[in-house]
Amino acid sequence: MKRFRRHAHESQRERLKQELFHFNKTVEHGFPHQPSALGYSPSLQLLAIGTRSGAIKLYGAPGVEFMGLHDENAAVTQVHFMPHQVELVTLLDDNSLHMWTLRGHKGISELLEIGRFMLTGPPGAPPSVTSVTAVLAHSSGELLLLGTEGGHVFVVEVPGFRELEERNISLDQITNSIPDDYLGRRNLEHVEALVENPINPSQVVIGYGRGLMVIWDLEKKNAVQHLPATQQLESMWWTEDGSHILSSHSDGSYCRWRVGGPEEEEEEEEKSDIPYGHFPCKAISKIVQLPTEEGPPFLLFNGGMPRASYGDRHCITVIHGKTHVALDFTSRIIDFFVIRSGPQHTGDPSALVVLVEEEVVVIDLQTEGWPVIQTPYLVPLHSSAITCSHHVSAIPLKLWERIITSGELQNAHYSKKPWPIMGGQNLAPDPPQRDLLLTGHEDGTVRFWDASGVCLKPMYTLRTATAFHTDADPNDNMNPSAEGEWPPFRKVGCFDPYSDDPRLGIQKIHLCKYSGHLAVAGTAGQILMLEPNDEAAEHTVETKVVDLLQGQEGFRWKGHTRLNVREDPVEFPAGFQPFTLVQCQPPAVVTALSLHSEWKLVAFGTSHGFGLFDYQQNNNVFVRCTLNPSDQLALEGPLSRVKSIKKSLRQSFRRIRRSRVSLRKHHANNAAKIQEANARMEAELAEMELAPVQRKIEARSSDDSFTGLVRTLYFADTFLSDSTHHTPSLWAGTNGGCVFAYMIRLPAIEHRADEPVTAQPAKEIQLMHRAPVLGIVVLDGHGAPLPEPLEVAHDLARSPDMQASHHVVVTSEEQFKVFTLPKVSSKMKLKLTAVDGSRVRRVGVAWFGSSRTEDYGESGLVVLTNQGDVHVVSLPHVKMQVHYPCIRREDVSGIASCVFTRQGQGFYLISPSEFERFSLSTRFLVEPHCLVEPPFHSAPLSQHQPEPDGAHRIPQDGEEAESTARSIMEHALLNDEKVLQEIQKSLEGDQTSFLENSMKSAVA
Amino acid sequence: MSRQPPPLQQRTPIKLIDNTVEVKSKYEAEYRRFGLKRNGSGGFREFYRLIQTIHHIHGIDVLLGYADIHGDLLPINNDDNFNKAVSSANPLLRIIISKKEDEPVVYGTNSLQRRKKGLSLTGLRPTGSGSIHPKNKSGLMIGPPKNFRQISSIIDVDILPESHRRVRLHKHGSNKPLGFYIRDGVSVRVTPQGVEKVPGVFISRLVRNGLAESTGLLAVNDEILEVNGIDVAGKSLDQVTDMMVANSHNLIVTVKPANQRNNVVPRGSKYSLGNSGSVGSAGSTGSAPSHDSPSPASQSNPFTASSSIAEGDSEDEEEDGDLILENDCLRAHNPHPVTYSNSANLNRNSPHYGSHGSSGGKSVTQSVSMPNSITSTLSYNGNLNHSASGSQDSMKEDGNILTL
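Protein chains in written order, with the working numbering: chain B, 779 to 1782; chain Y, 76 to 479.
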């Protein structure tokens, strides 16, 4: 009947599918992998990060995010915002330049690539001539100055990328102007840096690798001044008043040069300093000096550490008056910039933003002690490697607030200042519910993230290590700077990839959002039960050791030992505090975990078996050993396997070395022997390389390794014995395709504390195809999945239908099967592997709401396969609904990290530090909706500038004229003569203003 | 020979005398009956000489085989399997003798040991099948012999190009491994644009004593084209591996054999049935006509074919013989799931046999190579695909199978 209906309404079903399912990759959370360039627009208040994989990401106010990807698979080496515009230019390491813009579309902004450009030199010139090494986005917004490896500076008009050949500054022009006494006219090398005079846009300083800096006038096309530094140049900075140029050098020194009038040829090096001197120092790769309204300026520079003693540190030094701090980062510094306060962003430095390889650190420069400002996004997810994740939707407000409060107590050391980068407007509606993402980490921490919106905000960090004795020194000081230490280091940043003890690693997390009970299981067979406490408390953790082998003889666990529990009372900070600890014996990795807070039961499984623990009475209810006694690998623990691989590697290396040694020994013997040995080795190597990849075709058998490994555990209140009485039950699925069901007898509520909980085996299903069982879900009489524990009690779910018969859906790696209950017999199935060769890796239950009508929705299984495809399988009929390619199939860690939400969204790691968020639902979408307004209104604001003569105002007006010209250009064809004339006119006007300006500054 | 099949199936009730085994040996059309001491019977050599003496075939190299309790034809070629044969004889030890010289005609690619077995196995076929219908003198009805188990078959010959071969491997409950490996490789396709090189999947190795090798229907460097009716083009090695493993209980692979000399010609008088040793061995006397005759028979009787496919289907769905233990049997705690599998296998086997009995040997596809089976399955290809995709229709059948 149903089948008939389905056929009759197939098209209707198709339409319904379109209303229910839609695949979208919505947003990337976390910190971009392998960042390679940093850019900042003070006018837009947007931060741009380019990566080695060619991605460009823009961040503004929390929720304002843009992402673009270059078609070329080349690293982004430089990012420059066009001043006062919404365009930005990227330079890739394949020497291509790209113009991006934020274009408004349907009320939101989009990041679009609008042009690309490759510098072409004169015909026959070597590629080095046009290889771009320095980019200057001129403040006119019209010009790009490109310094090249060959020493030339090319001038390009943007956004069209038109080369203005007549304005190029060739190396010959420069060398002709150099005074003869400078280094005997040696090669100047490449252009290292290009900096514009902040008060005179027609002047730029060209810094050459050899050390020479030339101040060039773009209008007069002549050199204004030469600054003859003798050390390799690293960077330059033109102070804001235009009076000085700072240069930093490869020997760890920096110099301050006075900029005089154009007629003054002689220029003395006003000040030269090697801040960490005496012994050879590393290069200072960037130097910045910013004035303050009152008091000394800020001097910031990157590097310059003494080579021998601190050459491996990643430091930025900040000097302000007598305060001198060397900020010590945990990973390589990519770049940094300083945010300035004031409406025009020309005031005192307010925050230092540092992009290091693994995180962004923002330092509050206006608060005493320069504390770190907590980042609302770009948070390194991998401050310790992520080992598992768990998503909980629709958190009740009470628990949410408790988590936030505990988190705030932890973050007391952060600056109170708000996040300083506030560009753009977040137009996304407020998230409909509070979602929590929990990540388990290698160092035993569990991090709580606010995953409701576009920004994945850190909320709270739980450290489970405090319950154990570990090798780590508990007083490991993050801030070991002793008084008077030089340089004055200060550790900053939270990226810390070193785990004290791998056994602490978190493997499984289960949080009950209603009761607040949290179960956390780890690598050494530990299961911690925690509950939130708003105050710090000192107590001991009740510990139970559970033997999962049940007296199976004849094996020796060769893996790690159990963690040592601290028997003395431990002081736990406010937040989630452990009250019970279960330790599995043997202490193998916990592979499955399930919590039922209503029944106060927790079930756990390892490669040896599974157990049920009553955490109210602190009593183990039962243990089931699933181990196949011949399974040596599982018996001995995972380490033995690793060892054997290592051993074989070692052996093969030894063999190669031995043959090499023997070669040497018999060197004198005869050449023939050597040749023979050579040939043999070559053959061996060739064999190693050319051995074809083979796959064994064999049915799965009960003798396979790890068949007893417990893959999934599930609690259900359903019909196990007869169709009239439903009882609590525990379901377990193993790697060998076996499903166990246990009937649980709970004492009446009033005797819950003193009468024991009992369980008895009720069913066993051995799937004939023996594929690992990944998921078990019981469907009620309506074919809907049973609600979560306490969900009904909190009136948040319809109570399940207990009238009609229930079904259990078993998802194995190869197929989906529906069995009837209480008598287990196969009813329906869907084969996956047999048909398309993909295997299920992850499965979850989700509810999909229709986009058309509010009240219609369906539950389904969301599935991720080893091919990286996501599928939706309908319930209860297990029919394939939709499938989309999601993750590259080579991306094994991405597939393994995937976690589904109850609303048909999902997360997976695209790099160790980033989650990609995707959605299969038409109704639940979390994606950035943001608008960035072009900063046209900046011109009137410039009237508030302090300059009385309005010298700064004229170019600003000119700029406004230009922007109108530009907007005309955007809407007109370039060959329209009228338009060209208009552009020409406005350009000329601009030039006159430049002249005027430069004259005025010269007079001043 | 196949036209005058001796009544092999005749089961004479024989009193089992302790320590003595009743032996019935057959060489071509001749039978000999004799007794053998269960214990002091000596080794294989001695037995071989005894056989030669009894059948008066001195100087002729022969191969010995016996039918075991499952109906499998197993070789006797050393002391061990000879002793096994003697000890397992119940009540009668059937010995089948075949000439050794047949073999080169039949097998060109396989190892000697397997050839022997394959040969002797197929050697029995025509006889056995004939024996089911002793009255059918033309040997039109060639059904599966009751007393041994099918392990493989060539199917769908008529609808496949000559250069391809579709092989079904029956895993059943046997503990024999499927026993082959696959690898990536480069295949050459002829397209309108010319010869094109495309990635393909090939058999890279056969495991000794594995099912794949023992059938002789698959060989190293054969290209895998389909798995259970699904084209593998564009699929990765791992995907093909997973598909094969998922179908391992009833694996149907379509290959393009590396050795194209032994291809099956669907029609015509010339049979070069490479690995289908049955024909060759039966007809060392040559006998093209005798093989021609079965084909019309099978066509005239499509029902037989359908039953065989249905049976195949049920085998396909047989995996729904997931073993389910309800609570009453769970009281005795059993920590070793291994044992379940055994019992499951037994259970599965029994209906299988039952179906054979009921179909009265009508099902056809059993034989490794019978030409009629080849032609007859033609019309059921659709059905085959159907079963592979596990559609609704076949669901019903599960239901029946499930209530074992």
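Derived by calculation from the structure, the hints in this document are not laboratory data. Check the hints yourself; a few may be wrong.
[Unchecked claim] Calculated lysine-lysine pairs in the BS3-like style (CA-CA distance at most 25 Å, straight line):
#: 1; chain 1: Y; residue 1: K175; chain 2: B; residue 2: K1474
#: 2; chain 1: Y; residue 1: K174; chain 2: Y; residue 2: K159
#: 3; chain 1: Y; residue 1: K251; chain 2: B; residue 2: K1474
#: 4; chain 1: B; residue 1: K1064; chain 2: B; residue 2: K1194
#: 5; chain 1: B; residue 1: K1060; chain 2: B; residue 2: K1049
#: 6; chain 1: Y; residue 1: K272; chain 2: Y; residue 2: K246
#: 7; chain 1: Y; residue 1: K331; chain 2: B; residue 2: K1474
#: 8; chain 1: B; residue 1: K1269; chain 2: B; residue 2: K1064
#: 9; chain 1: Y; residue 1: K251; chain 2: Y; residue 2: K159
[What the hints assert, rightly or not] Covered by chain Y, according to a simulated footprint, are these stretches of chain B (three or more residues, beta-carbon under 8 Å):
#: 10; region: 864-878
#: 11; region: 1604-1616
[Unchecked claim] Each pair of labels, with its calculated beta carbon distance range:
#: 12; chain 1: Y; residue 1: Q268; chain 2: B; residue 2: K1336; range: 51 to 61 Å
#: 13; chain 1: B; residue 1: T1631; chain 2: Y; residue 2: V263; range: 53 to 63 Å
#: 14; chain 1: B; residue 1: K1601; chain 2: Y; residue 2: V263; range: 53 to 63 Å
#: 15; chain 1: Y; residue 1: R107; chain 2: B; residue 2: Q1472; range: 29 to 39 Å
#: 16; chain 1: Y; residue 1: N165; chain 2: B; residue 2: H1560; range: 53 to 63 Å
#: 17; chain 1: B; residue 1: E850; chain 2: Y; residue 2: Q268; range: 24 to 34 Å
#: 18; chain 1: B; residue 1: Q1472; chain 2: Y; residue 2: Q268; range: 24 to 34 Å
#: 19; chain 1: Y; residue 1: N165; chain 2: B; residue 2: P1280; range: 57 to 67 Å
#: 20; chain 1: Y; residue 1: R120; chain 2: B; residue 2: D1481; range: 35 to 45 Å
Every residue, glycine too, gets a C-beta built ideally from N, C-alpha and C.
Cross-check of the supplied hints:
{"no.": "1", "hint": "Y:K175 - B:K1474", "result": "33 Å, violated"}
{"no.": "2", "hint": "Y:K174 - Y:K159", "result": "22 Å, holds"}
{"no.": "3", "hint": "Y:K251 - B:K1474", "result": "14 Å, holds"}
{"no.": "4", "hint": "B:K1064 - B:K1194", "result": "28 Å, violated"}
{"no.": "5", "hint": "B:K1060 - B:K1049", "result": "19 Å, holds"}
{"no.": "6", "hint": "Y:K272 - Y:K246", "result": "34 Å, violated"}
{"no.": "7", "hint": "Y:K331 - B:K1474", "result": "19 Å, holds"}
{"no.": "8", "hint": "B:K1269 - B:K1064", "result": "20 Å, holds"}
{"no.": "9", "hint": "Y:K251 - Y:K159", "result": "18 Å, holds"}
{"no.": "10", "hint": "864-878", "result": "violated (count 0)"}
{"no.": "11", "hint": "1604-1616", "result": "holds (count 11)"}
{"no.": "12", "hint": "Y:Q268 - B:K1336: 51 to 61 Å", "result": "59 Å, holds"}
{"no.": "13", "hint": "B:T1631 - Y:V263: 53 to 63 Å", "result": "55 Å, holds"}
{"no.": "14", "hint": "B:K1601 - Y:V263: 53 to 63 Å", "result": "55 Å, holds"}
{"no.": "15", "hint": "Y:R107 - B:Q1472: 29 to 39 Å", "result": "48 Å, violated"}
{"no.": "16", "hint": "Y:N165 - B:H1560: 53 to 63 Å", "result": "56 Å, holds"}
{"no.": "17", "hint": "B:E850 - Y:Q268: 24 to 34 Å", "result": "31 Å, holds"}
{"no.": "18", "hint": "B:Q1472 - Y:Q268: 24 to 34 Å", "result": "32 Å, holds"}
{"no.": "19", "hint": "Y:N165 - B:P1280: 57 to 67 Å", "result": "59 Å, holds"}
{"no.": "20", "hint": "Y:R120 - B:D1481: 35 to 45 Å", "result": "36 Å, holds"}
Hints 1, 4, 6, 10 and 15 from the list above are not met by this structure, while the remaining hints are.
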